[in-house]
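Asks: Could you slot chain B onto chain A? The hints should help.
Here are the chains, one letter per residue:
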Amino acid sequence: MLVGVSSGAQQYPSDEEVNTQATGVDLSGEWTPVREEDNTGNTELGDWVGIPMNEAARLRAMAWVASIQTLPEWQCRPHAVSYISRGPSQLRISKEVDPVSRTVTAWHMEWLRSIDKPVYMDGRRHPSENAPHTWGGFSTGQWIGDMLKITTTHIKEEYLKRDGVFHSDRIKVNQFLIRRGNYLTYILVEYDPVYLTEPLIRSTEYVIDPHQNIPPYPCNVVEEVDRPKGIVPHNMPGTAQYYADVKDFATRYNIPWDVVTAGAETMYPEIQAKIAAGRAKNAPAR
Amino acid sequence: MRTILLACAAIAPLAAAPMIAQQNRAAAKVAPADDIEILHVHGSIYMLAGAGGNITVSAGKDGVLLVDTGLAENADMVLAAVQRLQRQLQVKEQPVDLHWGAETRGTLQSSLNPIGPAKPIRYIVNTHAHPDHVGGNERIAKAGRTFTGGNVAGDIADAGQGAAIIAYETVLNRMSAPTGALAATPEGAWPTDTFHQESMKLSHFFNGDAVQIVHVPDGHTDGDSIVYFRGSDVIAAGDLFVMTTYPVIDVERGGTINGIIDGLNKMLDIVIPEFRMEGGTMVVPGHGRMSDGADLAYYRDMVTIIRDRIQTMIKQGKTLEQVKAAKVTGDYDPRWGATSGAWTTEKFIDAAYKTLAPKSAPPKPTGTTKKKSQ
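Residue numbers (our numbering), protein chains in the order written: chain A, 16 to 301; chain B, 407 to 780.
Just so you know, not all the hints are guaranteed correct.
To be verified - Pairs of lysine-lysine residues, derived as BS3-like cross-links and limited to a Cα-Cα distance of at most 30 Å, are as follows:
no., chain 1, residue 1, chain 2, residue 2
1, B, K607, B, K721
2, B, K724, A, K244
3, B, K672, A, K244
These aren't lab readings, by the way, just hints derived from the structure by calculation.
Predicted model, so just to flag it, every value in this text is computed and none were measured.
Chain A on its own, in the form it takes in the complex (with noise of 0.2 Å):
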């Protein structure tokens, strides 16, 4: 399904193609997500398989710490647009509606904990470079057949998994929504000239839910940990807690180090050959 959008040409219209009278189809109602093998919501230290990180990601994430996430700056954000849809987070999509035309001028897009995402479907522009940034960032759309093409910037920095695993305030996001009955297939194309050496691709499928109301998620900063005032946490290149933490997760699934670092490499098939040498490469004699 992903090559299928990437290649988007065979099954739908280009963009030049697009009809932007066209109406789509109602996306609006609650959709849950149906858990499946590339959703698992939380994250482990040092999973980076699958992500086209370059090594600048890599160095930071290898930097990083949750404690970090104690700080008073750092208390009380949500998630932002790049990863929200893959938490273990409800979405709710509403709409707006010109009350003449009755055409949506925009969808709202809402997860848990996050803010509202607009996606304005009236032609405007986008905001010059030197306009703020947003957790949701700025999002126009457009209908390519029943497909619903989103595309959003202005996103500030963020997590693209909470292991450290950053993506830039230069990111740029495509979204793809595609809904089949009471399913509806939401797919991400990211692209981060910064942290990424390829487009990241990931896809997380929701099945709507009338009985769903996500929850409110009320938030105070509190003093979480007694420490100096301006002291960032990080690990410190050198030490040994540099490398353990995200060299567990290698050793405890058993994948070879120059593997889980393979970035881009490890979302094709073919590093399945890489990581049965290195096991075997790394399997004691007998």
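Replies: Frame of chain A; chain B shown alone:
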């Protein structure tokens, strides 16, 4: 690219214009200077981008206050942008209420002339002395007219001529010169009102804001100030916070990496987000896009983490070359680093190392010293 080049102009020395400054000025001229962008920040506060360093503008019924003035060659463009902004604001103003018979003047005249004369530029505040932030001082100040200061209102005919220019004392020292010496900038560009304490306040609200100017010692330079508009809730950060490069540390003029971090933390102390660590207090960086507390926190984290790495290696006795070889900025270089231009990653590490390394002991006096008789 342009923003990076302009950011780098910040380290150009004021007096002699070395090649680095000339290159950056040339780059600024090549860029279309007539596209200065106006962005609304909050309340009465706007950001002008494209004139050199970012310019923060308070515009309203009290007139105009500018934080910094951009490069000298863009001053006319800045004035044009300010006038454009004022016209936009006047158009937005509510129409005059209908009057009644006892009023002493009718409304017809105002309906014929709905847009009155724009209020003048009253104040300029300089965040530091670099030419991409003070270059337009002379031209723009001349176009303004300040409120008279102190107790001289009405007593001295020319007291209100030109906008007042406010800055920390060392900014004036950098821009001027002792009598008989050649000054770095023309007298008309010099600050007219300086302060020596840790902060000063405008003595009255301006366009609805209390305005506080807070000095940050030894940060980007030795004369940095941040300007806090308490009401619109906006901080003009100067080059203590930029969204384009690693922090520029002008070591020759008293800048230090720890001063930068202190300045970033000082701003974070002021910031209160609106919701979910987003919005609320907005921050106009010296260069680059408009920001808020979350952006500021990311930047503080990055600078602090790099500082900690360099500091640790210094304590371990590592040389500057060893620090560079360790790639202490490797995780942040694709976003903030540069291998060419005036402010490279290497120069950032040089400056950080230099300001963190213990000062070498002063040379021992040469010549004979008499031993004390025992």
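Asks: None of the hints should be skipped; say for each whether it holds.
Replies: Against the structure, the hints come out as follows:
1. K607/B to K721/B: Roughly 41 Å separates the two Cα atoms, so the pair is violated.
2. K724/B to K244/A: holds, 27 Å
3. K672/B to K244/A: holds, 11 Å
The structure is inconsistent with hint 1 alone, although it conforms to all the rest.
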